[in-house]
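Asks: Just so you know, the sequences run in chain order H and V. Going by my numbering, the first residue of the first sequence is number 1, and it counts up by one from there. Going by my numbering, the first residue of the second sequence is number 1001, and it counts up by one from there.
Just so you know, these hints were derived from the structure itself, not from any lab. The structure displayed is predicted, hence computed values, not measured ones. Heads up, some of the hints might be wrong.
Quick list of the computed label-pair ranges, beta carbon to beta carbon [claimed, not checked]:
1. V:1046 <-> H:506: 54 to 60 Å
2. H:246 <-> V:1058: 15 to 21 Å
3. V:1070 <-> H:442: 29 to 35 Å
4. V:1063 <-> H:477: 53 to 59 Å
5. H:5 <-> V:1063: 36 to 42 Å
6. V:1046 <-> H:243: 43 to 49 Å
7. H:209 <-> V:1027: 56 to 62 Å
8. H:247 <-> V:1058: 18 to 24 Å
9. V:1070 <-> H:512: 32 to 38 Å
By construction, the Cβ of each residue, glycine as well, lies at the ideal position given by its N, Cα and C atoms.
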Amino acid sequence: MYRYDEFDKSFVAARVAQFRDQVARRLEGDLDEEQFRPLRLMNGVYLQLHAYMLRIAIPYGTLSPRQLRKLAFIARRYDKGYGHFTTRQNIQFNWPALKDCPDILNELAEVEMHAIQTSGNCIRNVTADQFAGACADEIEDPRPYAEILRQWSSLHPEYSFLPRKFKIAVNGAAKDRAAIRVHDIGYQIVKNAKGEVGFAVYVGGGLGRTPLVGHKIRDFLPNADLLAYTNAILRIYNLEGRRDNKFKARIKILVHEKGADVIRAEVEAEFTNHRDDALALPQDEIDRIRAYFAPPALPARATTSIAFEKRKANDFAFARFAAQNVVAHKTPGYGIVTISLKPIGGIPGDASAETMETIADLAEEFSAVEVRVTHEQNLVLPHVALDDLPAVFDRLAGQGLATANAGLVTDIISCPGLDYCGLATARSIPVAQRISERFGNGARAREIGELKINISGCINACGHHHVGHIGILGLEKAGSEAYQITLGGSADETCNVGAITGRSFSSDEIVNAIETVVDTYLKFRAGAAEDFLAAYRRIGMEPFKEALYGRE
Amino acid sequence: MPKVISANRLADGIVVYAGRDGSWPERLSQAKIFASKAEAEAGLLVAQNDAKRNLVVEPVVVEVTQDASGLRAVTLREAIRALGPTIDFLPRPHAFAPDANWAPAKAAKQTTHAVLRIPRSADARENDPREHELLSTTDFPQEIAR
Ligand code: HEM
Ligand code: SF4
């Protein structure tokens, strides 16, 4: 993985020193809250309901065991023993003291991590497919490009005060696992007819109060032009994005209001006029960064592992885990293991310090010293030999980490909601827990099959509810929590914003309502092979409406 | 409706209430009660002074009810601020390896953060293999605090 060079090191160290001074001045009263707020936000420090919250970037979701152990250490030393992995490949700590934040950032700098640009109207953490560099269906590893974007955008003077936050995702496989069409810019790696690698470019996607799917504005961008083109998009946005209204300030509104064709023409003109700027990426520079992400030297293995097959045949729990949480690796004899942070009835995305350490140990022993963070709030061991899977499974099971539910009804994405978040209108975590308990992970969950339920505690949509197959949005109605359901959303290459079923449900009703939706799917599906999304796309909203509300 | 004033402490962000003696205690039960809107607004001016003195941030007036059991916040949001998250957010105690870094003072304080935890249905209990463990675990602070 990428290692900081001297420049990166001193850059992050200088930033920590600067923030330490700012915090000291705030505590001594030389800065008031109004002056200090933007400074703390630039360093990932929010003030939430119960305490400060620190958001730390995990660029393109790649972590070393050393980094994960450091996060565990911070959880214990400065927090209450846990952290929350988010849909943007960040981790959030919910209880740090402001006075400790400079020390925490110092600890993080030791392992080449920081919280720069995890908040504010700048280019945020660049995200990527969690299976990057490992999955069998990959065209090219997206992470070198994400790293190049990260370096270029860090403290970029022209783009530190954009009209609004700006999120970029890069996906390298045919399957979109990075939700690129709901990002401000989504880059999909493609190959052209000549076999050259480049990007299909999507612009103007986003969730929040106005969910919009990104538009493709270019079929093929040569990889050397990545920065020049990103720059062109940002220039247009920086000039034309609305600064008069916070709710209309994202690039998605600009694209929506002017039309994708107009934006395409403007971006192309800007790009062409400045093409010979210094932003063309030299191939040797791409290669230099790519070298950091060279695939690990995995010892050759037989395609079929006898140990793995044997255990599968004799142990149902293991077989289920293998079927649900392990996908094909590009190297024969290896698999990619998803570690679900969604135990039945648990808090989606939360991991205790001990969990982090267990996973760090496993990564060191069994996964070429690498861990990944998914935008679905799970962790991944990307390079596990099938021969080792029984041992890995046993170790995970020993810590309650072997829930075989990746992609199933209980693999729920949930934002912190009103249990932590100052902007929330309703709780989301307890709803996720109750749904999880209702369905469990037994025969019924298997019967239901692939189903994504996403929950947000307010219209900001941090829990991706618009793109859940079933989305739940927490609202406040006359002082009580109310939950609106959307159906048919999806975040992958068939990206779609879900449609609202109708009136909302109370907290007492919502789990039953979700069960009604799921039962309706089971009733109408063409067969077990037709998953929820496919069935919804075939039969539409009506049967669900009728089941939920009767004939009104 | 009676009112209190709440804020977050500057240095660590913890929820605090304007107390009877000018201090900022962490417990709602120790908050000074303002009987009317006018009194609360006067209290808020004093609190804003403490914000200027860098003791607290963002003081606001919070509506409460008072009965035999004490003060209770009216809105869910303020109830959660007063009592902590409504979920078992702490990792299970047994999940901690013995560790010198884990400050017992912190752990002890959390037990006072009782939760509005949603009772688990009999159904969920029956089907949940962890239930046995849950019921037999005595060192599960939130459960006891309720
Ligand atoms: C708890 C503190 C948080 C605050 C104050 C916060 C604030 C916001 C706001 C205001 C928006 C709407 C932005 C817009 O539409 O322009 C937003 C969007 C979003 N946030 Fe959060 N958020 C928080 C936590 C999280 C967490 C925990 C996650 C991941 C689980 C997350 C991921 C996202 C995502 C994916 C979006 C929507 C994508 C988009 O920008 O269009 N945020 N957040
Ligand atoms: S969706 Fe709303 S409630 Fe949930 S984390 Fe985002 S801002 Fe908070």
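Asks: All the hints need checking, so say for each whether the structure fits it.
Replies: A quick look at each hint next to the structure:
1. V:1046 <-> H:506: 54 to 60 Å: 39 Å, violated
2. H:246 <-> V:1058: 15 to 21 Å: Holds, at about 19 Å.
3. V:1070 <-> H:442: 29 to 35 Å: 43 Å Cβ-Cβ, so the 29 to 35 Å window is violated.
4. V:1063 <-> H:477: 53 to 59 Å: Once the Cβ atoms are compared, 18 Å apart, the range 53 to 59 Å for residue 477 of chain H and residue 1063 of chain V is violated.
5. H:5 <-> V:1063: 36 to 42 Å: 55 Å, violated
6. V:1046 <-> H:243: 43 to 49 Å: 37 Å, violated
7. H:209 <-> V:1027: 56 to 62 Å: 37 Å, violated
8. H:247 <-> V:1058: 18 to 24 Å: Given about 22 Å between the Cβ atoms, the range holds.
9. V:1070 <-> H:512: 32 to 38 Å: 34 Å, holds
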